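There are 2 protein chains.
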Amino acid sequence: METKYTLIENVNLITAIDSKDNIYWNDDLINEKNISVLIENDKIAEISSKISKSGIDKVIDGNDKLLMPSLINTHTHSPMNLFRGLADDLELDTWLNEYVWPVESGLNGDLCYLGAQIAIMEMIKSGTTCFSDMYFFMDYVAKAVEDGGLRAVLSNGMIDFSDEEKRKNEFKESENLIKKWNNKSDGRIKVFFGPHSPITASKELLTGVREKANKYDVGINIHMNETQKEIENILNQYNMRPFEYLNEIGFLDGDVLAAHCVWLSDNEIDIIKEKDIKVSYNPGSNMKLASGIAPISDLIEKNICVSLGSDGVASNNNLDLFEEMKLASLLQKVDTLNPKSLTAEQTIKMATINGARALGLENEIGSIEIGKKADMILVNTNSIAMSPSVNSLISHLVYSANGSTVDTTICNGDILMENKNLNVFNEEESLKNLNLATSKLKKVLN
Amino acid sequence: METKYTLIENVNLITAIDSKDNIYWNDDLINEKNISVLIENDKIAEISSKISKSGIDKVIDGNDKLLMPSLINTHTHSPMNLFRGLADDLELDTWLNEYVWPVESGLNGDLCYLGAQIAIMEMIKSGTTCFSDMYFFMDYVAKAVEDGGLRAVLSNGMIDFSDEEKRKNEFKESENLIKKWNNKSDGRIKVFFGPHSPITASKELLTGVREKANKYDVGINIHMNETQKEIENILNQYNMRPFEYLNEIGFLDGDVLAAHCVWLSDNEIDIIKEKDIKVSYNPGSNMKLASGIAPISDLIEKNICVSLGSDGVASNNNLDLFEEMKLASLLQKVDTLNPKSLTAEQTIKMATINGARALGLENEIGSIEIGKKADMILVNTNSIAMSPSVNSLISHLVYSANGSTVDTTICNGDILMENKNLNVFNEEESLKNLNLATSKLKKVLN
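As you go down the protein sequences, you meet chains U and D in turn.
By the UniProt record's numbering, the letter at position 380 of the first sequence is numbered 380, and the numbering carries on one by one without gaps.
By the UniProt record's numbering, the letter at position 244 of the second sequence is numbered 244, and the numbering carries on one by one without gaps.
A couple of the hints might just be wrong.
No copy labels: a pair is met if it fits in one copy or bridges any two.
[Said to hold, decoys possible] With a cut-off of at most 30 angstroms between alpha-carbon atoms, the simulated DSS-like pairs for lysine-lysine come out as follows:
no.	residue 1	residue 2
1	K420	K212
2	K420	K432
3	K340	K440
4	K203	K43
5	K184	K172
6	K4	K340
7	K420	K143
8	K442	K340
9	K440	K4
10	K166	K179
11	K443	K340
12	K275	K229
13	K166	K53
14	K215	K440
15	K340	K420
16	K229	K50
17	K53	K212
18	K50	K432
19	K180	K53
20	K273	K58
21	K340	K53
22	K4	K273
23	K184	K143
24	K273	K53
25	K143	K229
26	K180	K166
Since the hints were derived computationally from the structure, they do not count as laboratory data.
Note that the coordinates shown come from a computational prediction; the quantities given were computed from them, not determined experimentally.
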């Protein structure tokens, strides 16, 4: 394969987050406007004010742009893009029993490909290039990721409700997904096990997952402590809280990504810290479903790795991580009645380098550093949301901007969107297909 | 003056909110795609499936668009667009004393015009056409509103700290503003009195405002019960809570627009109901400044008129009311742990018809009805945020869309933005001036 060189030149500012969590802003170079970043195939090869243009295949003008690591969404269900606005403002039980589950019963692989495809376009347009996904028909989601050029960690959602036959099938499905897709698509796809939650997955399933996760050397993606009801359920069954129960059965380790974590006891927080569990904070979903407010400020104070997730669009209702960053910070501030909670800088790390850590990808993505994969975005600083640009750009990114401020999105060295034009998929055709598919799926509701 | 006719044709859906608060969606007409709205000068003249194009000056294609009333922002400080991202994640006192007040001391009329100009562009781009503003140099803000084509209710922020000289000047300033601008610019500008708050405005100022508001027949815009600290302050001084104190001195009436209302006792809620006080809910600012969560669900249950405000961009940090609608609803849901709190439909009314009521403009704006002013927006439904468009569009508008989904903005019959192109001001030039101005103002901080 021939080497491909891409040069981003004259970028006003670069943010690089190093392994010690410092964010670098080349503020003193603003007026020079001559910082350039060289991408060699899929990797960042050079960051300098003097890079020769000879031999470069593609030059991107970075004038009036901010270059930053692209965002990482550590919890979503991409095929649920079929269901945005299907039903809202309802009790969880009504929402699940009367809307989500009936329409999900009509799903197939092609529909999940379509849902994932829309989700991928939405993420590219709003600056996210890596996501952790849990759903069914994940083989089709993997194909959509391969075609769409993103990076993803995919999990087959495993539910057995203590039924042995179901359990066997879930393991078969999950292991097939690992064999077929783990480390595939130029390394853009990883596979995790995805036991749905300690409520929907039996003890046998959970211990089996731990064993096989070790065998295949893959991580585990699980929903934890989302609602008070589910905690009562576990308490009644095991006389322990969910993290205590999982600790007891030897399930917990540093490869576990726990989504939600809304209701946590002090002892559970200690377990999370001790076992180095990675947390995915989902403020939008937790607010919209009225689940509660996760004690993120406490977790961060204990140096627990907290990343950011949108959850599926049926409970958010979008995949815009810029919006999610704002929700994340503002919710912590009002909950603690402390305006210093979850600062803009902490929030941007949550959505970048901590996302990489949560997925075990911190050596590959999450910051702009030589040798890392070229996963990055250009944000238009010559826009009202980012103005005055002489003030804090980190503040603008978190508190003022939304995904529409993203101009260019690069993943694994490939330009997936440039000047707001998508280079993958056909948006108009996909949206037409989406309306047709959703209309059909909804017929079961009438 | 010659009559000007504008026709919006083939609009997929129309939402009209009537005086009984019903939202009409012409769902059954989607497939016909032939609803048209005729604007005659500044007013809605006809809504029908058959409007002749003869004699029409301007035709707007409504295909793949949703027509809805434009949004109304009932609390902001538009010149603060000079200060976005100036300082964040700080205690209120530090933020005010060390950042906001020092830079505000360098303000002048031209700078306030510039800040208001940026705010107006931001509002037009995100679908807001009417705002209630309180600041200094309001004469210049009025000029920016006149030039920018928006509708606004303007108040000179009155602060006397019990100093008689100051008080006299504030009344002079406010009365001049009324005489010069109330009902001017084709009726787009109204003036309210703007006593800043019961902390910063003396009893003499407040009673004087009530008297003069009656004399001039204008409303009153005031900050109320934003932080716990300010309530303690009033309690210590008067042995009453703020609304009780204002009630006692005869200040309260249905023409009072009270911003924030975060901390309210049951008795204060009763007073608000009894006196028909209009509330401006500012969720983004209340979260970011860690002020607290306003009991909006309770107020709505009591049929109190709650409208929506962004506050200034120094504490939000944008003027996107679509984002504010989502914050508004999600914050109530998580606070009450009830997903049915503040539904999408209630939220959209808050940002439209209730905004009109809060400003005493319910007979002019806030809904798409024959005879009302043509203040409306077209939202692009052929977008990912609004898809699948066969699902609830109200849900998409509140929970999924942001201001960038707005395609066309019309105020008082004038097209201020069409297909995302602004027809007023020069954005690039203004943003350059903004950076220069902010850089100068910030010098006092070094």
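Hint by hint, here is what the structure shows:
no.	hint	in the structure
1	K420 <-> K212	neither (42 angstroms within a copy, 53 angstroms between copies)
2	K420 <-> K432	both (20 angstroms within a copy, 23 angstroms between copies)
3	K340 <-> K440	between (48 angstroms within a copy, 27 angstroms between copies)
4	K203 <-> K43	neither (42 angstroms within a copy, 67 angstroms between copies)
5	K184 <-> K172	within (19 angstroms within a copy, 73 angstroms between copies)
6	K4 <-> K340	neither (44 angstroms within a copy, 53 angstroms between copies)
7	K420 <-> K143	within (24 angstroms within a copy, 35 angstroms between copies)
8	K442 <-> K340	between (45 angstroms within a copy, 22 angstroms between copies)
9	K440 <-> K4	neither (44 angstroms within a copy, 45 angstroms between copies)
10	K166 <-> K179	within (20 angstroms within a copy, 77 angstroms between copies)
11	K443 <-> K340	between (49 angstroms within a copy, 25 angstroms between copies)
12	K275 <-> K229	within (25 angstroms within a copy, 41 angstroms between copies)
13	K166 <-> K53	neither (58 angstroms within a copy, 63 angstroms between copies)
14	K215 <-> K440	neither (41 angstroms within a copy, 62 angstroms between copies)
15	K340 <-> K420	neither (34 angstroms within a copy, 36 angstroms between copies)
16	K229 <-> K50	neither (59 angstroms within a copy, 54 angstroms between copies)
17	K53 <-> K212	neither (49 angstroms within a copy, 69 angstroms between copies)
18	K50 <-> K432	between (46 angstroms within a copy, 27 angstroms between copies)
19	K180 <-> K53	neither (40 angstroms within a copy, 60 angstroms between copies)
20	K273 <-> K58	neither (45 angstroms within a copy, 64 angstroms between copies)
21	K340 <-> K53	neither (44 angstroms within a copy, 58 angstroms between copies)
22	K4 <-> K273	neither (43 angstroms within a copy, 68 angstroms between copies)
23	K184 <-> K143	within (11 angstroms within a copy, 61 angstroms between copies)
24	K273 <-> K53	neither (48 angstroms within a copy, 69 angstroms between copies)
25	K143 <-> K229	neither (36 angstroms within a copy, 56 angstroms between copies)
26	K180 <-> K166	within (21 angstroms within a copy, 76 angstroms between copies)
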